[in-house]
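Peer 1: For the record, the sequence lines run as chains P and U. Read in order, the letters of the first sequence are residues 58 to 170 in the numbering used here. Read in order, the letters of the second sequence are residues 75 to 288 in the numbering used here.
Because the hints were derived from the structure by calculation, they are not lab data. One thing to keep in mind: the hints can contain errors.
[To be verified] No more than 27 Å apart at the CA atoms, straight line, and that leaves these computed lysine-lysine pairs for DSS-like:
no.	chain 1	residue 1	chain 2	residue 2
1	P	Lys95	U	Lys126
2	U	Lys182	P	Lys127
3	P	Lys95	U	Lys163
Here are the chains, one letter per residue:
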Amino acid sequence: MEDTLRKLARSIYWQNLYINAKEIGSFSLFDNNTSLSKIQVLFLHWLSVYNSVYQDLSNEDDYISEEVIKDDIRTDAYLLWRKKSKGKKTKKDTEENPLGLPKIKFKTKRKKN
Amino acid sequence: MEEKKKDLQKEKLAEEFVKTLGNLEKMDEVEKMIKDNTISFSIGDKKYKVRKLTFEENGLLEKHRRTKYVEFINDDSMLFQKQWIEKYKSKGIDIDAMEDKIRENIAKENQIMIELAQTAEETTVMGYKEQIIELRKESALLNIERTDLLAFSIEDQLMVEVNSYYTYLALEESIENVWANVYDCYEEFSKSQNNELTTKAFQYTNALIYHDGF
Numbered sequence: 058m059e060d061t062l063r064k065l066a067r068s069i070y071w072q073n074l075y076i077n078a079k080e081i082g083s084f085s086l087f088d089n090n091t092s093l094s095k096i097q098v099l100f101l102h103w104l105s106v107y108n109s110v111y112q113d114l115s116n117e118d119d120y121i122s123e124e125v126i127k128d129d130i131r132t133d134a135y136l137l138w139r140k141k142s143k144g145k146k147t148k149k150d151t152e153e154n155p156l157g158l159p160k161i162k163f164k165t166k167r168k169k170n
Numbered sequence: 075m076e077e078k079k080k081d082l083q084k085e086k087l088a089e090e091f092v093k094t095l096g097n098l099e100k101m102d103e104v105e106k107m108i109k110d111n112t113i114s115f116s117i118g119d120k121k122y123k124v125r126k127l128t129f130e131e132n133g134l135l136e137k138h139r140r141t142k143y144v145e146f147i148n149d150d151s152m153l154f155q156k157q158w159i160e161k162y163k164s165k166g167i168d169i170d171a172m173e174d175k176i177r178e179n180i181a182k183e184n185q186i187m188i189e190l191a192q193t194a195e196e197t198t199v200m201g202y203k204e205q206i207i208e209l210r211k212e213s214a215l216l217n218i219e220r221t222d223l224l225a226f227s228i229e230d231q232l233m234v235e236v237n238s239y240y241t242y243l244a245l246e247e248s249i250e251n252v253w254a255n256v257y258d259c260y261e262e263f264s265k266s267q268n269n270e271l272t273t274k275a276f277q278y279t280n281a282l283i284y285h286d287g288f
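Bound conformation, chain P alone (with noise of 0.2 Å):
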């Protein structure tokens, strides 16, 4: 059941729900608001993944396509490179920077002669 869900996540119609429920408050995915169920959880899920990958896409970033979108192998393949890349991102910038603060660069006059 999941690869069909994955297919309907990924589907332009369900997309442009997801990102209208998510802009407009009073717009609901579901004919329920509350108590969601196992397969409503899930296919959320699913909506925020491929509504990532969709924004990667449109960012031109590297390893992604609608070829590989369409193939769940393919796109479990690049999830898992993105995540361990952004973590070896992550990792170097903290090294770098272990407080976080943002870089500054102070510059000094020179002196005229």
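Given the coordinates of chain P, work out where chain U should sit on it, guided by the hints.
Peer 2: The following block gives chain U in isolation, referenced to the frame of chain P:
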């Protein structure tokens, strides 16, 4: 020869058509299941639904879980998963080794996936995908074997009991447009001969709730 070729093409087209139709039906069914936290279905001319439980019904479910748990732990013929694993080990069946193999397969799969993510070359992609599918198949078979071996454990039996009781409480039938419980009591549900109804109800209940039998 030419006609045979045409027949084969027709057969292939028909197969593809049936497959596409099946996929569309499946998508339609899943889409219906997503829309609400109740799932309606029909058998013949009868309409049924499963729904989430009320607060009071959840209390009944918890009580049933407790009662069954006490019953199981007082039954000397029933063992926990850990005890079954030890018993099987003494007979040369190593469930821990199966779990280790599954973990090993996941680690291998992840390594291949990282390589797969970074390539678009068709033959390489196919090769990596085949390796991943093989690993997943092997893990799935091991998982089925493990599940079968532990099916009589207290944990698994309790989960079956809880899911059955949930289905009994959540299953309703539309009678003159009014929803009413199909079975008057759990015993009646347990003895039901209507396999089509109970199987479908179990399947849909499974889409509603998380497995938290234990």
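Peer 1: Hint by hint, say whether it matches the structure.
Peer 2: Structure-based check of each hint:
1. With a CA separation close to 10 Å, the supplied pair Lys95 of chain P and Lys126 of chain U stays within the 27 Å bound.
2. Of the pairs offered as hints, the one joining Lys182 of chain U and Lys127 of chain P holds, with about 23 Å between alpha carbons and a cut-off of 27 Å not exceeded.
3. For the proposed pair Lys95 of chain P and Lys163 of chain U, the alpha carbon gap of about 36 Å is over 27 Å, so the pair is violated.
Checked against the numbered hints above, the structure violates only hint 3.
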